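Here the sequence shown is numbered in UniProt numbering, starting from 1 and rising by one per residue.
Hints in this document: simulated from the structure, not taken from any laboratory.
Being a predicted model, the structure only gives us computed values, none of them experimental.
Certain hints may be false.
Per label pair, the in silico range of CB-to-CB distance [to be verified]:
id: 1; residue 1: R305; residue 2: R28; range: 15 to 23 Å
id: 2; residue 1: P318; residue 2: E136; range: 54 to 62 Å
id: 3; residue 1: P76; residue 2: S103; range: 28 to 36 Å
id: 4; residue 1: V128; residue 2: W245; range: 12 to 20 Å
id: 5; residue 1: E136; residue 2: A306; range: 44 to 52 Å
id: 6; residue 1: L303; residue 2: L335; range: 18 to 26 Å
id: 7; residue 1: P133; residue 2: P318; range: 34 to 42 Å
id: 8; residue 1: I71; residue 2: T341; range: 22 to 30 Å
We treat Cβ as the ideally placed atom computed from N, Cα and C, and that holds for glycine.
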Amino acid sequence: MRAILFGGGLSLLISLLGTRYAIRFFTRQGFGQPIRDDGPTTHHVKRGTPTMGGAVVVLATVVGYFAAKLITGQAPTASALLLIFLLVGLGVVGFLDDFLKVSRQHSTGLRSRAKMIGQTVVAVVFGVLALSPWLEDERGWRPASDHISFIRDYDRFALPAVLALLLIWFVVTGFSNAVNLADGLDGLAAGSSLFIFGAYTLVNIWQNSQSCALEAGPKCYEVRDPLDLAVVAAALTGACFGFLWWNASPAQIIMGDTGSLALGGAMAGLAIMTRTELLLVVIGGLFVAITLSVMIQVSVFKLSRASGLFRSIFRVQPGHRVFRMTPLHHHFEMLGWEQVTIVIRFWIVTGLAVATGLGIFYAEWVAGVG
Numbered sequence: 001m002r003a004i005l006f007g008g009g010l011s012l013l014i015s016l017l018g019t020r021y022a023i024r025f026f027t028r029q030g031f032g033q034p035i036r037d038d039g040p041t042t043h044h045v046k047r048g049t050p051t052m053g054g055a056v057v058v059l060a061t062v063v064g065y066f067a068a069k070l071i072t073g074q075a076p077t078a079s080a081l082l083l084i085f086l087l088v089g090l091g092v093v094g095f096l097d098d099f100l101k102v103s104r105q106h107s108t109g110l111r112s113r114a115k116m117i118g119q120t121v122v123a124v125v126f127g128v129l130a131l132s133p134w135l136e137d138e139r140g141w142r143p144a145s146d147h148i149s150f151i152r153d154y155d156r157f158a159l160p161a162v163l164a165l166l167l168i169w170f171v172v173t174g175f176s177n178a179v180n181l182a183d184g185l186d187g188l189a190a191g192s193s194l195f196i197f198g199a200y201t202l203v204n205i206w207q208n209s210q211s212c213a214l215e216a217g218p219k220c221y222e223v224r225d226p227l228d229l230a231v232v233a234a235a236l237t238g239a240c241f242g243f244l245w246w247n248a249s250p251a252q253i254i255m256g257d258t259g260s261l262a263l264g265g266a267m268a269g270l271a272i273m274t275r276t277e278l279l280l281v282v283i284g285g286l287f288v289a290i291t292l293s294v295m296i297q298v299s300v301f302k303l304s305r306a307s308g309l310f311r312s313i314f315r316v317q318p319g320h321r322v323f324r325m326t327p328l329h330h331h332f333e334m335l336g337w338e339q340v341t342i343v344i345r346f347w348i349v350t351g352l353a354v355a356t357g358l359g360i361f362y363a364e365w366v367a368g369v370g
C-alpha cells in the first residue's frame, strides 16, 4: 500500500512541476498546436498553445512508479511492466503524430494508416506477451487471459489464441482512439481519465485483498499482480491531476496525441489485465459515447448519400448529419454551450459512469458471497 501512495504522490509532484517546465520549453521551441480551419471558430484562439504535454504525463507515471518501487524495495512485476510498455509505446506513436503536426504547422500529422499500424504493432506485442506462458507466475496465471471478461473471466467463453489477440487489439486501439477523440476541449480528456484511473486503483486494491492466491472462495479473483497494477493506476491518476492544473481552461498546454493515445491504451491495459474488458465500456462510458457519435455521424452521412432506400426509410436528405459536428462535445459547442460548461458536465457524466461501474463490480462480489 505504501507503494501506491508513493507512486501517486510522486507522479503528481513530477507532473505538476514538470508541466510548468514543459510549457516554457515547448514555447521556446515553437511547438504550438495547429488548429483545423473547419473546426469550431472558438478554437482558433488556441492556435500556438504548446502541445505534446502528454509526454509529461507519461514521464511522470513511469518515474513515479519506478521511484515508488525503489523506495519500498519491491521488484517490478510483469503486469506493471507490460502496462508501462503499452503506455510508453502508444505515447511514442502519438508523439510522432504531434511532432509532424508542429513541424509542418498543419493539423494533420501521421496518416491514418500509419497511425493505425503503429497502434497495432504496440497492441499486438503487448497482447502476445500478456498471453504468453513465459510470463506465467508460480500459480500458472498470466497477465491476460484468453477469455471474454466482464468482472471476471467467463469460463464458457474461452477464445482461440488468435481471437484472444484480436480482442486485445480491438480494446487497445479502440480506447486509445476514443480518448484521442475526446481530447478536444481544455481539461476534458485529462479530467475524465483521472476518474477512470482512480476507479481502477480501487478495483486493483480490492482484487488484491480478495485474490485467490490468499484464500480461495466463490468470488475470489485470479488476477496476476493486482497490487502492482494499482501502483501504476495511482501514478496515472496523480500524473493526470498534476497535468490538469495547467490544462484546465484556459489551457496553457495541450495534451496532444502523445497523451491521449497513451492514456487510452493504459485504460485498455488495465481492463485487460484485471479481467474487466466489458466493464470498461461502463466505466469509460463517456469515451464510448464520444466514439459512437463519430461512427453514427459518418455512417449516416455516407449511407444517406449512397442509398436511396436508406433515405426513404429514414426520410433524410443526401448527406444528412445527425449531429451538428462531431465528436460529441463539438455538437454542444455548436448549440451554444460554453466550453467550460461542456467539460464540467462531461466530468459529471464520467463520475456517474465510474460510480455505476464500481457499483456493478462490488455488487457482483456481494451477490456471489451472500
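Going down the list of hints, with the structure as the test:
1. Checked against the given bound of 15 to 23 Å, the beta carbons of R305 and R28, roughly 47 Å apart, lie outside it.
2. For the hinted restraint 54 to 62 Å between P318 and E136, the CB-CB distance of approximately 56 Å keeps it satisfied.
3. Restraint check, P76 to S103: a C-beta distance of roughly 35 Å satisfies the suggested window 28 to 36 Å.
4. Separation of V128 from W245 is about 38 Å and departs from the stated range, judged on CB atoms against 12 to 20 Å.
5. For the hinted restraint 44 to 52 Å between E136 and A306, the CB-CB distance of approximately 50 Å keeps it satisfied.
6. Taking 18 to 26 Å as the suggested C-beta distance range, the pair L303 and L335 conforms, at roughly 24 Å.
7. Hint check: P133 to P318, Cβ distance near 54 Å, so the stated range 34 to 42 Å is violated.
8. Judged by the Cβ atoms, the range 22 to 30 Å given for I71 and T341 is violated: they are separated by roughly 42 Å.
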